[in-house]
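Note that the sequence shown covers residues 1 to 252 in our numbering.
One should not assume that every hint holds.
[Said to hold, decoys possible] Under the rule of at most 25 Å between Cα atoms (straight-line distance), these lysine to any residue pairs were calculated in the SDA-like manner:
id, residue 1, residue 2
1, Lys82, Gly171
2, Lys89, Gln232
3, Lys15, Leu138
4, Lys112, Lys15
5, Lys82, Pro140
6, Lys89, Glu32
7, Lys89, Asp67
8, Lys89, Trp49
9, Lys112, His91
10, Lys89, Trp110
11, Lys15, Arg63
12, Lys112, Thr80
13, Lys112, Pro213
14, Lys82, Gly45
15, Lys89, Gly68
16, Lys82, Asp178
17, Lys82, His149
18, Lys112, Gly68
19, Lys112, Glu32
20, Lys89, Ala113
21, Lys89, Ala147
22, Lys15, Trp49
23, Lys82, Glu194
24, Lys112, Gly176
25, Lys89, His149
26, Lys82, Gly25
27, Lys82, Glu188
28, Lys112, His149
[Stated by the list, open to error] Distance ranges between label pairs, derived from CB positions:
id, residue 1, residue 2, range
29, Asp162, Asn57, 31 to 37 Å
30, Ala36, Glu108, 20 to 26 Å
31, Glu120, Pro145, 22 to 28 Å
32, Asp137, Glu50, 27 to 33 Å
33, Gly237, Arg63, 24 to 30 Å
34, Gly60, Pro90, 16 to 22 Å
35, Thr196, Ala22, 46 to 52 Å
36, Glu54, Gln92, 40 to 46 Å
37, Thr209, Arg38, 17 to 23 Å
38, Gln141, Arg63, 41 to 47 Å
39, Gln26, Ser163, 37 to 43 Å
Just so you know, the hints here were simulated from the structure itself, not pulled from any lab data. Built from N, CA and C at the ideal position, the CB exists for glycine as well.
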Amino acid sequence: MPDTLPHPLPPAALKPLEALEAPLGQNGFAYEQAAAVRPLLEQFGMERWEEFAESWNHLGVDRYMADGGRYRRRRHATFTLKEEQILRKPHQPHYQSRDYNTLNGGIERWFKAITPAIGEHPALRAILRLTQHIADDLTPQDQRPVAWHAEVHQFRIEASPDSAGRPTPEGLHRDGVDWVCVMMVRRENIARGETTIHDLNRQTVGSFTLTDPMDTALVNDSRVYHGVTPVQPVDPGRPAYRDVLVVTLRHE
Numbered sequence: 001m002p003d004t005l006p007h008p009l010p011p012a013a014l015k016p017l018e019a020l021e022a023p024l025g026q027n028g029f030a031y032e033q034a035a036a037v038r039p040l041l042e043q044f045g046m047e048r049w050e051e052f053a054e055s056w057n058h059l060g061v062d063r064y065m066a067d068g069g070r071y072r073r074r075r076h077a078t079f080t081l082k083e084e085q086i087l088r089k090p091h092q093p094h095y096q097s098r099d100y101n102t103l104n105g106g107i108e109r110w111f112k113a114i115t116p117a118i119g120e121h122p123a124l125r126a127i128l129r130l131t132q133h134i135a136d137d138l139t140p141q142d143q144r145p146v147a148w149h150a151e152v153h154q155f156r157i158e159a160s161p162d163s164a165g166r167p168t169p170e171g172l173h174r175d176g177v178d179w180v181c182v183m184m185v186r187r188e189n190i191a192r193g194e195t196t197i198h199d200l201n202r203q204t205v206g207s208f209t210l211t212d213p214m215d216t217a218l219v220n221d222s223r224v225y226h227g228v229t230p231v232q233p234v235d236p237g238r239p240a241y242r243d244v245l246v247v248t249l250r251h252e
């Protein structure tokens with residue numbers, strides 16, 4: 001289903017947008033807490049967040065983990081972001097070369113598709129609008145593509161008393177795209193999960209922990225590496241998991 005991007009943005013959205021774009025443009029990454037991100041997403045049409053977040057309870061096990069783990073659940077979808085439209089593409093595999101993912105790369109990975117209802121959900125559409133707007137703003141006009149290829153991943157990382165959950169089992173990495181947006185959906189009974197950012201010499205340049213729903217990290221994938229520390233249960237007798245949404249953009 002096509003979707004229309006707001007243009008121009010209302011004045012109320014400009015200040016929180018600048019809070020994301022300025023450090024991203026300067027340092028290659030940005031971190032913003034939910035208190036600033038939520039009103040910005042609402043300017044892009046976000047509604048019914050709790051319904052959106054509940055969909056993480058219906059993901060499929062990632063059966064492509066080369067480490068043998070069964071701690072990751074996910075769904076996947078692709079979109080074209082073109083001019084002022086969001087268009088969902090036919091379901092297709094996720095592929096990364098081993099240059100970018102030494103653990104799970106080099107093969108086509110077919111994951112369960114994001115459901116039609118979530119693919120058209122106003123929360124997801126708002127996140128795609130925001131990510132596209134930031135990518136357009138920070139990409140020089142002569143390098144800006146006619147269309148962005150967007151991949152959307154719903155991830156749940158589960159932890160148990162006997163086994164930590166690994167949000168980035170491939171370790172410190174780049175994704176082989178142009179832009180990456182990581183948004184917290186829910187943390188349940190977990191400790192750790194710190195995001196670290198490293199320059200191209202693999203020197204640490206930043207760290208933070210996504211804790212609340214809508215806490216957001218943005219990464220210029222050509223300028224920095226990123227990784228997340230394993231998560232562990234706080235109470236070993238209760239379910240423990242970390243839910244995030246990841247959106248990547250690259251030239252179509």
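Results of checking the hints against the structure:
Under the criterion of a C-alpha separation no larger than 25 Å, the hint pairing lysine 82 with glycine 171 is inconsistent with the structure, at around 32 Å. For the hint linking lysine 89 to glutamine 232, the alpha-carbon distance of about 36 Å lies beyond 25 Å, and the restraint is violated. Only pairs whose Cα atoms come within 25 Å are accepted, and lysine 15 paired with leucine 138 is accepted, the gap being roughly 16 Å. With a C-alpha separation of about 37 Å, the suggested pairing of lysine 112 with lysine 15 is violated against the 25 Å cut-off.
Restraint check: the Cα-Cα separation between lysine 82 and proline 140 comes to about 16 Å, which is no more than 25 Å; the hinted pair holds. Of the pairs offered as hints, the one joining lysine 89 and glutamate 32 is violated, with about 30 Å between alpha carbons and a cut-off of 25 Å exceeded. For a cut-off of 25 Å, the pair hint linking lysine 89 to aspartate 67 is broken: about 30 Å separates their Cα positions. Distance restraint check for lysine 89 and tryptophan 49: the Cα-Cα separation of roughly 24 Å lies within the 25 Å cut-off, and the hinted pair is therefore satisfied.
Straight-line distance between C-alpha atoms of lysine 112 and histidine 91 comes to about 9 Å, which keeps the hinted pair within the 25 Å bound. Only pairs whose Cα atoms come within 25 Å are accepted, and lysine 89 paired with tryptophan 110 is accepted, the gap being roughly 14 Å. Among the hinted pairs, lysine 15 with arginine 63 is inconsistent with the structure: their alpha-carbon atoms are about 42 Å apart, more than 25 Å. A threshold of 25 Å between alpha carbons decides the hint, and for lysine 112 with threonine 80 the separation of about 19 Å falls inside it, so the pair holds.
This hinted pair checks out: lysine 112 and proline 213 have alpha carbons roughly 23 Å apart, not beyond 25 Å. For the proposed pair lysine 82 and glycine 45, the alpha carbon gap of about 18 Å is at most 25 Å, so the pair holds. Among the hinted pairs, lysine 89 with glycine 68 is inconsistent with the structure: their alpha-carbon atoms are about 30 Å apart, more than 25 Å. At most 25 Å may separate the alpha-carbon atoms for a hinted pair to count; lysine 82 and aspartate 178 meet this at roughly 16 Å.
Under the criterion of a C-alpha separation no larger than 25 Å, the hint pairing lysine 82 with histidine 149 is consistent with the structure, at around 9 Å. The suggested pairing of lysine 112 with glycine 68 holds, with an alpha-carbon distance near 19 Å, which does not exceed 25 Å. At roughly 30 Å between alpha-carbon atoms, lysine 112 and glutamate 32 are farther apart than 25 Å, so this suggested pair is violated. Between lysine 89 and alanine 113, the direct Cα distance comes to roughly 11 Å. Compliance with the 25 Å bound is thereby established for this hinted pair.
Between lysine 89 and alanine 147, the direct Cα distance comes to roughly 13 Å. Compliance with the 25 Å bound is thereby established for this hinted pair. For the hint linking lysine 15 to tryptophan 49, the alpha-carbon distance of about 23 Å falls within 25 Å, and the restraint holds. Taking the CA atoms of lysine 82 and glutamate 194, the gap is near 34 Å; set against the 25 Å cutoff, the hint is violated. Restraint check: the Cα-Cα separation between lysine 112 and glycine 176 comes to about 22 Å, which is no more than 25 Å; the hinted pair holds.
The straight-line distance between the Cα atoms of lysine 89 and histidine 149 is roughly 10 Å, inside the 25 Å bound, and the hint therefore holds. At roughly 22 Å between alpha-carbon atoms, lysine 82 and glycine 25 fall within 25 Å of each other, so this suggested pair holds. This hinted pair does not check out: lysine 82 and glutamate 188 have alpha carbons roughly 36 Å apart, beyond 25 Å. Our distance criterion of 25 Å between C-alpha atoms is met by lysine 112 and histidine 149, whose separation comes to about 19 Å.
Here the CB-CB span from aspartate 162 to asparagine 57 is close to 23 Å, at odds with the stated 31 to 37 Å. Taken as a hint, the range 20 to 26 Å is violated for the pair alanine 36 and glutamate 108, whose Cβ atoms sit roughly 38 Å apart. Checked against the given bound of 22 to 28 Å, the beta carbons of glutamate 120 and proline 145, roughly 24 Å apart, stay inside it. For aspartate 137 and glutamate 50, the hinted distance range of 27 to 33 Å is satisfied, since their beta carbons lie about 30 Å from each other.
Between glycine 237 and arginine 63, the C-beta spacing of about 28 Å keeps the proposed range 24 to 30 Å intact. For glycine 60 and proline 90, the hinted distance range of 16 to 22 Å is satisfied, since their beta carbons lie about 18 Å from each other. At roughly 21 Å, the beta-carbon separation of threonine 196 and alanine 22 lies outside the given 46 to 52 Å, and the hint is violated. For glutamate 54 and glutamine 92, the hinted distance range of 40 to 46 Å is not satisfied, since their beta carbons lie about 26 Å from each other.
Separation of threonine 209 from arginine 38 is about 18 Å and conforms to the stated range, judged on CB atoms against 17 to 23 Å. Look at glutamine 141 against arginine 63: about 42 Å separates their beta carbons, and that is inside 41 to 47 Å. Remark: the range hint 37 to 43 Å for glutamine 26 to serine 163 is upheld by a beta-carbon distance near 39 Å.
In this structure, the hints that do not hold are numbers 1, 2, 4, 6, 7, 11, 15, 19, 23, 27, 29, 30, 35, 36, in rising order.
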